[in-house]
Every structure is written in C-alpha cells, then in structure tokens.
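Construct all of the structure, not just a fragment, from the sequences and the given hints.
Protein chains: 2
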Amino acid sequence: MQFSLDISAAPHGSLQSKIHFAIRDAISRRLLPPDTRLPSSRDLADTLNVSRNTVIGAYAKLSVEGYIVSRHGVGIFVARELPEDCLSTVSTSDHTPAAPIAVAKTPTIEFVGEKPNLFEKGRELPAIDFWAGRSSRRSFPIRTWQRLITQCLGSASRSLVEYPPVAGLPELRQAIAAEILVTRGIICDWQNILVTAGAQEAFTIISKLFIRPGSTAVVESPSYQGVSYILTANGAHLIPTAVEREGISVTEVERIRSASLLCLTPSHQFPTGETISAENRARLLEWAAKAGAYIVEDDYDSEFRYENAPITAIAGMDMGRQQVLYVGTFSKSIGAGLRIGYLVLPDRVVQAASVVKSHLNLGNPWLEQAVLAEFILSGQYRTHLRRLRQEQRRSRDILIASLEEDFGRLDLRGTDAGMHMYWRLPPTFPNVKAISAAARELDIGIYSPAMAGAEEFGRGDNAIVLGYPALSHNEICEGVRRLKTAIESLG
Amino acid sequence: MQFSLDISAAPHGSLQSKIHFAIRDAISRRLLPPDTRLPSSRDLADTLNVSRNTVIGAYAKLSVEGYIVSRHGVGIFVARELPEDCLSTVSTSDHTPAAPIAVAKTPTIEFVGEKPNLFEKGRELPAIDFWAGRSSRRSFPIRTWQRLITQCLGSASRSLVEYPPVAGLPELRQAIAAEILVTRGIICDWQNILVTAGAQEAFTIISKLFIRPGSTAVVESPSYQGVSYILTANGAHLIPTAVEREGISVTEVERIRSASLLCLTPSHQFPTGETISAENRARLLEWAAKAGAYIVEDDYDSEFRYENAPITAIAGMDMGRQQVLYVGTFSKSIGAGLRIGYLVLPDRVVQAASVVKSHLNLGNPWLEQAVLAEFILSGQYRTHLRRLRQEQRRSRDILIASLEEDFGRLDLRGTDAGMHMYWRLPPTFPNVKAISAAARELDIGIYSPAMAGAEEFGRGDNAIVLGYPALSHNEICEGVRRLKTAIESLG
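Top to bottom, those sequences are chains S and P.
Each residue of the first sequence is one higher than the last, beginning at 3 in my numbering.
Each residue of the second sequence is one higher than the last, beginning at 3 in my numbering.
None of these hints come from the bench; they were simulated from the model.
Treat the hints loosely; a few may be bogus.
Each pair may be met inside one copy or between any two copies, as identical chains are not told apart.
To be verified - Okay, derived cross-link-like pairs now, EDC-like style, lysine to aspartate or glutamate, Cα gap no bigger than 20 Å in a straight line:
#, residue 1, residue 2
1, K292, D408
2, K486, D131
3, K107, E288
4, K435, D463
5, K486, D408
Written out as structure tokens, the structure reads:
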C-alpha cells in the first residue's frame, strides 16, 4: 500500500516530531521492515528541505525508543527487534490514525491471461527435482563468462549509458547468423535477426504482429503454455492438433483450410519430446504456403541431439518463400538468467517487428548481448555445447537405465534429444497428481505435463515429464528409487 | 532472405561437391559476408552427418578458389576479398540458379504503430550532439560496477541458468522501496514493485492492463512519443491536454468527465521541462478519484533537481487510495544500457501486472538486477547521484550562460531540473527544422521537440530541446557558438 511521507500529513507539532512520527509509523506498520537501511541525516534533510539538525533530532528520538539503530561507520537501520509496545506507545493525543483506505473508482483490468507454470529461482524446492528445461549449473562456463564480461566492460561506459540498438547488437546478430547456418541449416542475413528477451518475447512479438481477436492459430496438443496463453490473451482462436509419434499430425493439419499461424516445436516437441521428420517438415511448409499461414518454429532443444544427425530446421528448408518465423533461445544452451533469444524473420516482417520491440522495451540490455557475441565468435559456445551434449547424454542414459531397472519396460518418449523425457504411465499406475504429491513427501519433484508448463486441451495423458540435466548421476538414481517408493505407497 | 544449406538442394554430384556448392553460393550472394568464421571441418561433418574428409575436401576446393582462408590455429574464415569472377566461375552445367522467390500468401501484419525517435548507439553522430536524455559516459561508475559484477558472479551459476523471479529480484525491489521512500516520499511494500525492462516496458504493461480499443487516455500536449505511440497502438483514444507554465493545465483536465489513464511527467515535463506544483498534484489526484482514472506518473528526471527541494511524488501524496501507477527508471540516473525501470503498483493491480510481465518475457536478466541492488544497498547509488547532480548543475549553468551571452535574453524552460532544457525561439528566428539542418552542416546536433521524441499533436512550438549532461563544458560553449553561426547563416 502507498501513503505519504509528506510530513504535513503528520499530526500537529514541530517539524522534528512530524518526521519522527512519519518514520515510526512506517516502521510500526512494517512498511519499513527490520534491517532496512535509512538515509543519512544529510540525505533526508536535503530531500525534505529541512535543516540537518531537525533530522538528527528525529533520528535520536527514534533511536532512544528502539525503532532504529546506528551502526557506526555503516549507517542507520530499522531495528531488528521493534519495541514490543510499538503501537501502544503512541498516545492518542499524539496519533492520527491512518486515513481509512477509500477504495476509489478505477479502470477495470482489461487483460485476461494466465501465467505459465515456470521454474523460478526462489521457489521452494524438493531435494531432487525433475523439473524440465533446467540447465545444469555445474556446466555453466562461469570463468569464461567472467573473463568475457571483464573484457567487454573495458571500454563499455558508452554502451552502458546509451540505448542499445533496438533490434540487438549487430555483432551478436552476425554471430547468431553464422551459428545457425552451421547448426540449423538456415542461411539468413544478420539484419533479419531480432534479438529478444528470451523465446517468450519472440512469441509476444509474433502475437502482436499477426494476431487480432478471432485470428486462427494451429497449436500442438499438448503444447507449451508460454505460447498458447499469449495467443489466447491476444484473442486468437486456437486449433489444438494432436501430437503423434512423429510430432504434430500432418494429416490433421492438412485438413485445416486457413490459419494465421502454425506453432511447432519440431526438434523436441514440448512436452512429448517427439521430433518432426524431414518429410513431414516439407509437407507442413507446403500446407503453410497454401493456407497462407506462417509457421512459428520454436526450435528449443535443437542443440541437444543424441542419436542420428539433427534435421535441418524448417526455416532452413523454406527455399526463399519466407514462410517461417524462427524462434531460437539461449535459455537452455547457456542459461535462462540471461533472457536472450532471437527471431529469424522474413524480409517483409523485419521492420514491423523492430517497431514492436521498440514499444515493448527499446531493446535488450547491452552487457549480456556483448558477452554472448564474444562467446559465440570466439568458438567457446561450440566447445560448451559439445561438452553439454556429452554430459546430458550420459545423464539421459543413467535415467533410462534407472527407470528400466525399477519399472521394467516403459513407454518413454523424447529420449533422442533435449533435456527431458516423457513417460506415459501404464494403465495400472495411479494418477500422476497422486504420484506427484506422494513424491513430494519423499522430497522429490515429479511433474505432470500441466505442472511442467504444458497446455493439454483437456486430453491429458497420465504421464510424467522428467527433466535431468540439472541433476547429478546419484540424484537421478536416488530420485528414481524414491519415485518407485512413492508409487508403491499408493498401492 | 532464407534458403537451405540442405545439401540435397545442390546440383547433382558427390556429397563433397554439394557442400562446396552450397557454401560458395552463400558466399557469392554475400549471405556469408567476408571474414565470417566458418565451422571447423569436424563440426560441419557432425552437423551434416558426413565424414570429416568430405568436408575437408570441400574446404580445400573453396580455399584453392579463394573463397575461404584458413588462419592457422585460429579457424577458417570467408575471404576478405572474393575472387573477382565469383559468379562467372560457376559454369552453367554446375549451377542451379537460386529458386525464384515465390512470394507466398501470408497473414497481414495487424500491428500498426510508430517507433519513437530515440538515441541509439550506432547512429551516425555529429561531433557535438545536444540530444536530450543521454547521460554522461564519463560519469558512469565503471569501476564500482565492475567490482560489483565480480562480487555478484562469485556464486552466480545457479542464478544465471535459472529463470529469475518474474516480478524482479526481491533484493532489488526492497532496495528500490527503501530508496523511493527517501527520495520521492513514496512508502510502499516491496512486493508492490515490479521490475521492468526500462520505463518503456512499464508503459507496455499499463497499456495491456487498462487499454482496450476505445479506452480514453489523457496525455500531455506535447508529450513523450514512447507513451503516446504505445497507447495509440493499443487502440486508446487520446485527449491531448495543453502544458502550461506549471505543467499540464489542471483546469483543462478538470473538464474531462472520465478516462482510464492520465499520463504525466510531473518532475520535468517532457519535452517542455515544467514541474507540476504540489497544489496541482493534489488537484489532479482528486480529479482522478472522481473520474475513475489511474494517474500514470512517469517520474523520470526526478533525481536531478537543482533549485528548491524536490516535490513529493504524486504516488507519495496518494494517501491509501492507490490511484497512481508510478513509473521509475534507471536509464537516466545510471544508464539506458541496463534496461531497468520499475512500476510501483496498487495492491489490486500487482497480480495481473506480474502475469503480463510473464507473457512479455518472464522477467529481467539476473545480472543487472543483482548488481543494481548491491549498488543501491551499499549506498553507492546515492553517492553517484550526488556527484551527478553537481556535475549536471555545472553543465546547466554553463549552457545557460553561453546561450545568454550569444543570444541575450531567452525564453528558456525546464532549467530547474533534469537533463535538458527547452528553448522557445523568438518569433524572428527561422524554423527549427532549418536550424537543425544548418547546424548539422557545422557538425552539431540540434533537435526540435518532434525530433527529440515528443508527440506535438499538431501544435508544435518553434523550439529546441537541448540535452547537456553528455557534453563537456568546452563542447557546450563551442556548440552554442556554432548554433549561433547556423542561425545567422539562415539570414
């Protein structure tokens, strides 16, 4: 809640007692929590345009009363333990009760939308957590990162005080263009690349560009909440289309006459983990041309392919027709804390997308972009990816072996790639929600597709989404053992 | 433009000749610009799932032809100078022309909006540039910043790989809450603070929350394009309201029956530089309660007050009614390259705003937030601001003195605060566009309100917006001298 420190709002009395009152009131109401650093007497005097002695007097009184403590040479802080009688010391004659909150008329909130289920730092975590999509913090190249930051900061004052280019640093866009040529078969001009605040912002930009109330978007069923929620919030009409063994059902898609967008996760479908074959990619491109749709190719997890060669991105197969909006992210391959992703855009969309980005936030922060560009251009990104791929393949093997040891033959999907696998439970198994709750009792995190961030459109599998790169090998084995115990406990 | 590196698209021949063709074609068409680093033969072989020798053979041929160069121990790069006959060496029998671009049917771009005029790093700049709102790069606390980064990175791997909290790091929000209590008289719970990607994202979030097509927003005339453009793009009906000597005309506002938003820059109106008096702030709050509107208080430049004490923010005067959406930014007080701002929100808006933020980008990057929190909590932000305020006051004095020396008495506004002043030119002076063009000839940047990012709603003053903190004292004096020459040259 907000109220004023405007000292004229305090009761009658000297300036000093008004300041004293206002601060004590804020402390009593815990608006200034214990240990909060208070301004120096000089700063507060400047701000309130009163003499410094007035503030010193007020602080002295608060200190005697036990509301604040002065740590010599460090500063003035709200006391850790407040006087027990902090409210009753305020005699009625000295106290104006806070004005009752007059709930005023305000505009209605027009926005209707849901927050995707998301792993956020600070959440209370089980000891062993199979959350999907978390990278391993042990694998983060922290020393290299630190060295590159120091290198970039060398001559950086200018870059830190000024607005970075809205569409992203040219050196980063060039580095990305060179990278996706090799790894995804996409050849594009660097100016067709727009740096975004993660893949999520890419979806926002696409929605702003192509969705108005009633627009049609074809999405995978199940699909990623981060996409479906934002499309819905922008008024799109969704056509959920079943995911089969090779990803979205192409036959079903081909029955749809027209749509604005077809949203896909071709490398490692979220959450089922399936991969769309080269042949089906070509068919989907053909459909898009006929239907007048853009394919939104969310190519997350494409860096991690453990069997066979990676399949060329749909954007790489789109010979000059420019029917694809390609979404890339560094959240999985480096870290989500960077908030960097990118869009590869057809010529006719580049300009408008950059205007949308300017409306959203005028561009990404400079430092992460500069460091990432250097990381890619120096070749260290590739080295990092190669190591990560090896580590994750090993973790994957251990997870599969542990599961098979404890549960026998399984219907495991999405094991060829990515950072999670999808386990369709046998019909004899309890419901995944019950399993998740029982697992939590044993301090492990087990998630259904919906809990893991999937929109299921009502046809939910009884399945578990198992993320593994963030776990050690021991944690994986121990986690699977406890999962078995949890399931058995449900009889 | 996009096309495929898919080697099956290349003409008949061996795998090696297909790879050779695809890369040479990309180089010839400058899709791989000179000096681009190519993947190692091992990487490319992995990607294409061919033997390494095949790639080495293709690279060898390209190298002999002069398309690529190998720098020993560094890597393989596209040659700086391409073979002059790069296209004619492709014999017809060996060459499949690139498929003609079949412009396919695609969805219409639904987004209609303009990009605000903006100072972007990388723009071609005049030697002396009076662009408004740029901070001084000499004043950026680069050493402190570097030290704090090192300190924060110490135990940071986890924070870098995981999603930061959507609403911002708690320590940063607490630091901001403590700071605005002192400097702006706003007492709020830290959980009412949402960290944003600059003030621009705050405007986006507000628009998403409260604007639907036809909603009414009262804006200052002239006002900041970054606000008016995004309101318009979201379908708002704007009521531009004249700015007078003390900011927006309160009498005019009071005639408006109802509106969703009233958007203000009370500390230092953009672009005119006026400050809204405490009395008028109270009247505007009362109007908002009656009209059922939120006041959007864009409090940019509030850190820099050179005469009198700062006036309490409107959000600080809003005794519990919670009628204000307060927008703060660190773009001016530290640097725009950080892309950090914040919103102080009424209780009833907090939850929905955080969902909007999750749709936009799932939160700000971690590092800038962690460093900024430390910078504020350690007291170094206050020290930095105090120094900046002194430096900018001195620059302001020199700019005023130079202008008065060269032009006599002037109608200068907004000199009491902020980072720019507003000079209404006398009727005898040429048009500011002509002045700006003549000044550019003399290598100085002079900007009209519109060029500087103001929406004038058709009633443009013949005025110059003069930013000064980024200039040295000599540059200010020399710039004013050249401005005089430019004006005189127009006769």
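What hint numbers does the structure not satisfy?
-> Hint check: 1 fails alone, others pass.
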